[in-house]
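Engineer: Keeping their order, the protein sequence lines are chains W and R.
Here the first sequence is numbered in this note's numbering, starting from 1 and rising by one per residue.
Here the second sequence is numbered in this note's numbering, starting from 425 and rising by one per residue.
Hint data in this document are derived by calculation from the structure and do not stem from the laboratory.
Just so it is clear, CB atoms sit at the ideal spot from N, CA and C, and this is done for glycine as well.
Please note: incorrect hints may appear among the correct ones.
Simulated coverage check for chain W against chain R, where a stretch passes if three residues somewhere in it have a Cβ under 8 Å from a Cβ of chain R [unchecked claim]:
hint, segment
1, 148 to 158
2, 166 to 176
3, 233 to 245
Taking CB as the label site, the calculated pair distances span [stated by the list, open to error]:
hint, chain 1, residue 1, chain 2, residue 2, range
4, W, Q278, R, S698, 53 to 61 Å
5, W, D75, R, P689, 54 to 62 Å
6, R, E824, W, D75, 55 to 63 Å
7, R, R740, W, E261, 37 to 45 Å
8, W, Y55, R, E450, 29 to 37 Å
9, W, P277, R, N564, 23 to 31 Å
10, R, E824, W, Q278, 56 to 64 Å
11, W, T109, R, T533, 57 to 65 Å
12, R, P629, W, Q82, 36 to 44 Å
13, R, C829, W, T183, 43 to 51 Å
14, W, D276, R, D700, 43 to 51 Å
15, R, E824, W, T183, 39 to 47 Å
What follows is each chain in one-letter form.
There are 2 protein chains.
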Amino acid sequence: MTSANESTDFPIQNLPFCVFRTDHDETARCGVGIGDQIVDLPALKQAGIVKGSAYDALQLSCGTTLNELMAMGPDASAQLRQTLSQLLRAGAKEEPVIAGCLVPQSKATFSVPANIGDYTDFYASIHHATNIGKLFRPDNPLLPNYRWVPIGYHGRASSIVISGTDFHRPLGQTKSPDADTPTLGPSRRLDYELEVGIYMGKGNPLGQPVPMDSAEEHIFGLCLLNDWSARDIQAWEYQPLGPFLAKSFATTVSPWIVTMEALAPFRQNWSRASTDPQPLAYLDADRNRASGAIDLVLEVLIETAQMRANGEAPVRLSLSNFTDSYWTVAQMLAHHTINGCNLTAGDLFGSGTMSGSAEGSQAALIELTSGGVNPVPLPNGEARSFLEDGDRVILRGWCERDGACRIGFGEAIGTVLPQSQGKL
Amino acid sequence: MTSANESTDFPIQNLPFCVFRTDHDETARCGVGIGDQIVDLPALKQAGIVKGSAYDALQLSCGTTLNELMAMGPDASAQLRQTLSQLLRAGAKEEPVIAGCLVPQSKATFSVPANIGDYTDFYASIHHATNIGKLFRPDNPLLPNYRWVPIGYHGRASSIVISGTDFHRPLGQTKSPDADTPTLGPSRRLDYELEVGIYMGKGNPLGQPVPMDSAEEHIFGLCLLNDWSARDIQAWEYQPLGPFLAKSFATTVSPWIVTMEALAPFRQNWSRASTDPQPLAYLDADRNRASGAIDLVLEVLIETAQMRANGEAPVRLSLSNFTDSYWTVAQMLAHHTINGCNLTAGDLFGSGTMSGSAEGSQAALIELTSGGVNPVPLPNGEARSFLEDGDRVILRGWCERDGACRIGFGEAIGTVLPQSQGKL
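All chains should be modelled from the sequences, with the hints used to inform the complete structure.
Structural biologist: Below, the structure written as structure tokens:
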């Protein structure tokens, strides 16, 4: 196993899960990333070298999604990762057998790794909420509930697509401030939103809230998520019931799910500024204060069609961190279930656009450009107020800390294709 | 087949679909209602008397949900209904065989008839939108987008339950206007909302809007839907991203899906008042103007714990009609997909609370009581501002018209249990 020792997002400390297929075998199957390879989990089961409870977990990883494994809770995936960690160490006697179960990532086609029953989008960066609030409600940017309620809304699950899936600029109804009536046309204020995706593991029954202390036992792992947004459609449609068609044309997720276990070295304490209210008791726990935050660096890059044609590398648009979240993943989950709402294995949360307070940490164009007023200059002389056809947006994420091995999240990539609907 | 000839919701002109099980056989299976019986579709297939394309449709009706049949589009269910109609007519020679495939409805336990991938809740009664708007925004009751945009939002699919499923009063964060800070507690303003549910049939691929002319080919049928709502949670959480935990604790659907074919005799023309704007072209079609509306009577009844204890019959709270909808089902569907959003067989739309303009047609307590200010008196001396523990809400719907046989929707029933969460 040399590949995992080089600089990679996927050292042996990471072992993220995915679902993939190859040209050779078109059946989707579950895998685990190591270096530039994927361990084909059904093939590993077939090889017969895994026994005991790790074998039980492997048996749950032989479908076309990870839902069955997710539903078993954190012990199952932990046992599987522990066994893989032993099998994949340099010089392990099983090396020849494992080698037969590896598929190069370059030969894999990934798919959305879970059957996502419900998708919930939170709004957990107070910096994003304030920046957006200023644009939509200049007199009232941050609403009174924000510091008390982990604000979220239900999103569209069917239009969640895997990284690499391009999509057409959406048609929609918009109204310019000086027009009397709305019109139908392609969105002219198309944006990305960098978010952290959070996959549910073990579910909870309807009517039974999950308390803070056990909230993380219901989380399978994290990914990157691009909540593409048509700002002009959103501005016209969103009152009073929230965003709808402004978001439901495409949401991109990265192929890899990084487990909570792999993220353990990158946890840090969570606290509230003395000027902010302390959370209500159902959103508070010692464990959350001690280690609720996750030090995950988040980056957005853009590659325009012109850059691609000229062979120029993508350029960074923003750099932020999941520690900029006002609410932790445990708080999101405890809040989501406090009314008895049932979560199901494979459900997905989005964190909300993860903007920081620093210059250059605004994780959507609408923030970077102050609502499209100040276009972002690009090194090749182009500039962007909002996304243009051919623009490719690349999300990256990684964790690094002294004394711990760096782990990465891979990428979530999508390219905007021109609007081209059939006749309507 | 005598049962269908009596006064019933399910004459041979209806033939609605459902999913059920019995004590005798706990496997969920698809059925069709006739009188007080259900045709067990897998049993009918087994009986071997159905041939041709109706047999193909029957083969798709042998799973634990109706999704496969739904996905085939309206021809498949139409062929099956046509064949059933012939087999079930009085004196048909297949009567003895069919009799062996019947299960009394009184012995059936129903389940949610589809795997609902995504649930979208519209807001299609302008009367409801105005009544609610007055309470939440007295200065601005009907927002400027309402007459142009079929307003909708994504709802929670996992907490959709079948009629008869009781649920606990939800816990949630609320803030009274005179308090400085919010508190956690059981909702004190629990309400129902009478809606029409709309199940998708054949889906559309991501990126391909469904035009108005073919919108109804993507609809499998209608049901009754109770969008239970915690008004105090809603008021505190809903800005800026819409309702979330105020709705996601339970949504009740009726067991029966009445097909668009069965509703054909009850279609009527759709038009806009001259004082309202005409819809944009993508929401307009001759077919929609000619027959877009559906004359479906809708009723809400309440049975309190005290009424139940005293053996008193449920009493009517409201009577309205689906013709009160400002938008047709075709318009909802065309709008939902205009941005390229993909619908999937089994997806569910709610119409939004279907209130009319007349006194007694307000289809939620918050409207009937002007926000809880004027309690509704009940004949037994009780009164209701909002729902109390033990209250049972019953939704009914039916179509009747001179020259057409009356068809019914059955009932959607739910009972409020006291709040009783585990320790948090």
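Engineer: Hint by hint, say whether it matches the structure.
Structural biologist: Here's how the hints hold up against the structure:
1. Counting residues of the segment 148 to 158 of chain W whose beta carbon lies closer than 8 Å to any beta carbon of chain R gives 10, which meets the minimum of three for the stated coverage.
2. Counting residues of the segment 166 to 176 of chain W whose CB falls under 8 Å from any CB of chain R gives 7; the rule of at least 3 is met.
3. With 11 residues having a Cβ less than 8 Å from any Cβ of chain R, the segment 233 to 245 of chain W passes the three-residue criterion, so the hint holds.
4. At roughly 56 Å, the beta-carbon separation of Q278 of chain W and S698 of chain R lies within the given 53 to 61 Å, and the hint holds.
5. About 58 Å separates the C-beta atoms of D75 of chain W and P689 of chain R, a value consistent with the hinted range of 54 to 62 Å.
6. In this structure the supplied range 55 to 63 Å holds for E824 of chain R paired with D75 of chain W, their Cβ-Cβ distance being about 58 Å.
7. The hinted range of 37 to 45 Å is not satisfied by R740 of chain R and E261 of chain W, whose Cβ atoms lie roughly 57 Å apart.
8. Taking the beta carbon of each, Y55 of chain W and E450 of chain R are about 30 Å apart, inside 29 to 37 Å as hinted.
9. Under the hint 23 to 31 Å, the C-beta atoms of P277 of chain W and N564 of chain R, about 29 Å apart, fit the expected range.
10. Between E824 of chain R and Q278 of chain W the beta carbon distance is about 59 Å. The supplied range of 56 to 64 Å therefore holds.
11. Evaluation of the 57 to 65 Å hint for T109 of chain W and T533 of chain R yields a failure: the beta carbon distance comes to about 43 Å.
12. Under the hint 36 to 44 Å, the C-beta atoms of P629 of chain R and Q82 of chain W, about 41 Å apart, fit the expected range.
13. A hinted range of 43 to 51 Å holds for the C-beta pair C829 of chain R and T183 of chain W, which are about 45 Å apart.
14. One distance hint, 43 to 51 Å for the beta-carbon pair D276 of chain W and D700 of chain R, holds here, with the actual separation near 46 Å.
15. Distance hint check for E824 of chain R and T183 of chain W: the Cβ-Cβ separation is about 41 Å, which falls inside the suggested range of 39 to 47 Å.
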